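If you want the building blocks of each chain, they are given just below.
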Amino acid sequence: MISTPKIIPLPAVKMPEKEIFIRLRTRVQDLPESDYRRIVEIMRRGFGYCRFSGCFCEADIKVADGVITLNDAVTWKSEKLSANLADCRKLIIFGVTAGREIVERSIAAFDNAVASEGAIFDAVGSESVEAAADALEDYLRRQYARTGQILVKRRFSPGYGDWALTAQKDIFNILPMDKIGVKLSPELIMAPEKSITAVIGIINPGDAKDNE
Amino acid sequence: MNKSEFRRLVEQKTVILDGATGTELAKRGMPAGVCPEAFVMEYPETIIDIHNAYFAAGSDIVYIPSFGANRLKLKEFGLDNSVREINCRLAEIAKRNAAGRGWVFGDISPVGEFLKPWGNLEFEELIAIYAEQIAALAEGGADGLAIETMLDLQQTRAALIAAKETAPELPVITTLTFDEHERTLSGNDPLSALITLQSLGADAFGCNCSTGPESMIELIRKIKPYAAVPLVAKPNAGMPKLINDKTVFEMTPETFGSFADAMHEAGVNIAGGCCGSSPDHIAELAARLKNLPPPPVACTRPGMVTCAAGSVALNDHAGLKIIGERINPTGKKRLQAELRAGSLELVRDFARQQLEQGAKILDVNLGLGGIDEKEMMCRVVDELSTVIIAPLCIDSTDPEVMEAALRRYPGRALVNSISAEKDRIEKLLPVAAKYGAALILLPVADSGIPETLEERISTVEYILGEVLKYDNYTKDDVIVDALVMTIAAGGTPGLTTLGLIEWVTNTLKTGSVAGLSNVSFGLPERGMLNSAFLAMAMAKGLTCVIANPASEQVMNMAAAGDALLGEDENLVRYLGRFTPQSDEPHELATDPVSRIMDLVISGKKESIVEAVEQALASGIEPNVIMDDALIAGINKVGDFFSSGKYFLPQLLMSADAMQLAIARIEPLLMRTEVTEKRQTVVIATVEGDIHDIGKNIVALMLRNYGFKVIDLGKDVPAAAIIDAVKQNKAEFCGLSALMTTTMPRMREVIELARASGLTEVKFIIGGAAVDAHYADEIGAEYAHDAMDTVKICQINVES
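Note that the protein sequences, when read in sequence, are chains A and B. According to my numbering, the first sequence is numbered sequentially starting from 1. According to my numbering, the second sequence is numbered sequentially starting from 1001.
To be clear, the hints were calculated from the coordinates, so they are not data collected in a lab. A quick note: this is a predicted structure, and the numbers were derived from the prediction, not measured. All residues carry an ideal CB built from backbone N, CA and C; glycine is no exception. Keep in mind that the hints are not guaranteed to be accurate.
As the list claims (entries may be wrong) - So the derived label-pair ranges between C-beta atoms look like this: (1) B:1579 - A:2: 56 to 64 Å; (2) B:1389 - A:34: 23 to 31 Å; (3) A:27 - B:1524: 49 to 57 Å; (4) A:2 - B:1468: 53 to 61 Å.
As the list claims (entries may be wrong) - Here are the simulated DSSO-like pairs of lysine-lysine, each with C-alpha atoms no more than 27 Å apart in a straight line: (5) B:1164 - B:1469; (6) B:1116 - A:14; (7) B:1714 - B:1762; (8) B:1116 - A:179; (9) A:183 - B:1116; (10) A:62 - B:1027.
Claimed, not checked - In silico negatives: residues of chain A with every beta carbon more than 12 Å from chain B: (11) 67; (12) 78; (13) 79.
Let the sequences and hints guide you as you build the complete structure.
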């Protein structure tokens, strides 16, 4: 069974300043204070252009012989994902996006010959959408904990390890990614590009025990 | 139980709630994935057993198992037409079982969908969904309501409004879920949520679920000084872990109970447990809390206004609060035209600008002929609530506009204003009181503006008397408009205003506000008068000012005034405003060429064009500027980048500055030999790939190093790339791809080039998906970054 997908806003995502600097390959401690301030000011402006939202649903899975079968219909071949989901009979499929504006502003900055802004906005979008995925994952962990269900430690995205990027098509068939403004190209590229899809397994023996 | 009885109960003892219901139902056989409400209807003995265990453990209040019994949640199980039946029945089961041992509160939770603009739900639709559930719970005998595990302040407001309108006598506990950063999923902070909900009429506020007891206690401790209602802590027993294939909440009842002293000391009035907590946990907690005296319920009540994720105190003496006045169409033709056209772009800009300039609250006045003020006010409230973090001051005399705005505003707004005029007292004040808004009291009566200070004081006293007839108001919920009049009209209106501020500060002991610019109306050098008057008013105790924060003079005076009055601890704001930055630009070279080079190196694009103009005006040849200033500068930047002294943002800031300079001198170079010799690079992101940031940076750096760059953009077919190479007789072709699915297109381009006879063109590839090995394989060179591309091209040119 695949549950009805839900759309969720994620306005509380924090700007991941440290990660953005890492993406820009910039060691903060070696920056002059004035350059640091200029860069952070651009980052903050860029972060203001991000509009985070996500969607998710739950699906039954079977895992055997390196193959994950979803709802008795879709199959994904991946040894690594199979190992990750070994103890799961269900998983959550989710997608998040930082929205169009951050991408458009980055392009516009390059068009207007302000490449520094363009590159910083791009890094802000990339790292912030990761932060949004972390936020949604954290929310899901808490919600499932309410009924004693635990999620596996690590989420997995199409294209990671030996999980083929073609799984992106299945995810787009299942999740209403269009409702959060994300489309998939024939080359499996998401637009706006600052978007992420992932799955995370639910370890659910269905027999919650409190301190027993 | 009614609200007064609830309050009395909390004043007498620390009230004990129940613990987890979901995990307890699972223990009693509820399978995962079923509708818990339907399960309990079918097996009522499960909840009876759980409630009995909690009452035996010491719970005073247990929650009716109606957590997901709203129309939207029940719809997932096809039960959306049974809202009344389910809630009523669950309440009856719980009530009958309680049999006087304690109270049963209806459990209200998030509906699982989100309000616009994040989701599809309309605010009024959500209120109706909650009202339907609350009516049924009340009908079934619920003693009160617990709006819990809320993730969004605005949804909580909707539930609380529904409770107020549907079951006004029932006490309402509101608890939100905060993460380790003390934010809800929607970004609300605990203080803003507390102020908003206690003003709106919640009978208790706190948090549930969230984290374990330790961090929840810390959160309660922080907000206690601001609480006018009892505070609630209902923490998890830690987070679940999987041990021996069993889901286990690791915190033992003893450990859970050991937090009782800390809860009491932090000021928790109502305590219970959430996920993973069992009757044993509650028993431990209750046993320890019953020996402790109840903590105080209400602390000093500060006059605060909030938005969804921030709050501002109106009457503290911790610095003057600027209320930005610019969102007001009076005298602003552009804003008028935009509003009439239905555009909010300028409203957004004004809001952002004022906050950047130092405003803490934004006044919103949309009184303008030709627009529907109510509709526009709702749109502006919705819009600003999503794009800025600052409380709003709703400025309207129309009670309908005010009600519409206050109802949907996701915080506690400031109302501008309540005067002694009959209409405002009879129509506007009740609306403000219903939503618990903070108030500006304006000493104006139906007979006009009182002349003397004594008359103004007596008018303020009259209005305050009317305000205090509402139970939810104290004098701390108001600030007094000191009624600033222009001194151009003669007399001493300035002194009357200052006298009123002094009276408000010393006698009434609350905050005051002044519409600053009125004082100078009709006079020259208004900034001078405004700032002088501001200094005098601050000395009398003025706490807020309605002003344009774009005025440097006013903002400087406010910063200086705060510093002089001791309202700027350690002079942090004063020094931040006036201290020059220590590492601000080093002394720039004075000779024009070196100065331009310095500006490239430091990436200061703001002044580079001016420097180039000065160099040209002094007779320096464009090619000298190009070679000795720009190229020399960017070479140095390139060296810094290569040696790790500079990082990508600095490299690009320098490149941006250089581009501006090149744009100025390039037309002058066109006729020279230099440009004729330039090598051409065609560059593109291959077909199917839309990632072009890296490619754009490469193009920029190549241009800066004197290459002619034909940038074809992204998602470019192989044939188009080859055509461009031919047409431009390019020496180099740069290809970019980020995805493993698009990198094979690079090979296609190169194969097509070779098939077309383009054997001399040098192909350079880059992007996250490719490496040197792949480049070798397809007959290209690999560049790992923009500077590497420049070097490859330069080496090939030299050879």
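How the hints compare with the structure:
1. Between residue 1579 of chain B and residue 2 of chain A the beta carbons are some 59 Å apart, a value that agrees with the proposed interval 56 to 64 Å.
2. Under the hint 23 to 31 Å, the C-beta atoms of residue 1389 of chain B and residue 34 of chain A, about 27 Å apart, fit the expected range.
3. Restraint check, residue 27 of chain A to residue 1524 of chain B: a C-beta distance of roughly 54 Å satisfies the suggested window 49 to 57 Å.
4. Between residue 2 of chain A and residue 1468 of chain B the beta carbons are some 57 Å apart, a value that agrees with the proposed interval 53 to 61 Å.
5. As the CA atoms of residue 1164 of chain B and residue 1469 of chain B are separated by approximately 19 Å, the hinted pair is consistent with the 27 Å bound.
6. About 21 Å separates the Cα atoms of residue 1116 of chain B and residue 14 of chain A, which keeps this hinted pair within 27 Å; it holds.
7. Restraint check: the Cα-Cα separation between residue 1714 of chain B and residue 1762 of chain B comes to about 20 Å, which is no more than 27 Å; the hinted pair holds.
8. The straight-line distance between the Cα atoms of residue 1116 of chain B and residue 179 of chain A is roughly 13 Å, inside the 27 Å bound, and the hint therefore holds.
9. The straight-line distance between the Cα atoms of residue 183 of chain A and residue 1116 of chain B is roughly 21 Å, inside the 27 Å bound, and the hint therefore holds.
10. A threshold of 27 Å between alpha carbons decides the hint, and for residue 62 of chain A with residue 1027 of chain B the separation of about 26 Å falls inside it, so the pair holds.
11. With a minimum CB-CB distance of about 21 Å to chain B, residue 67 of chain A clears the 12 Å threshold, and the non-interface call stands.
12. Against the 12 Å criterion, residue 78 of chain A stays outside the reach of chain B, whose nearest CB is about 15 Å from its own CB.
13. Every CB of chain B is more than 12 Å from the CB of residue 79 of chain A (nearest about 18 Å), matching its label as outside the interface.
In this structure, none of the earlier numbered hints is contradicted; all agree with it.
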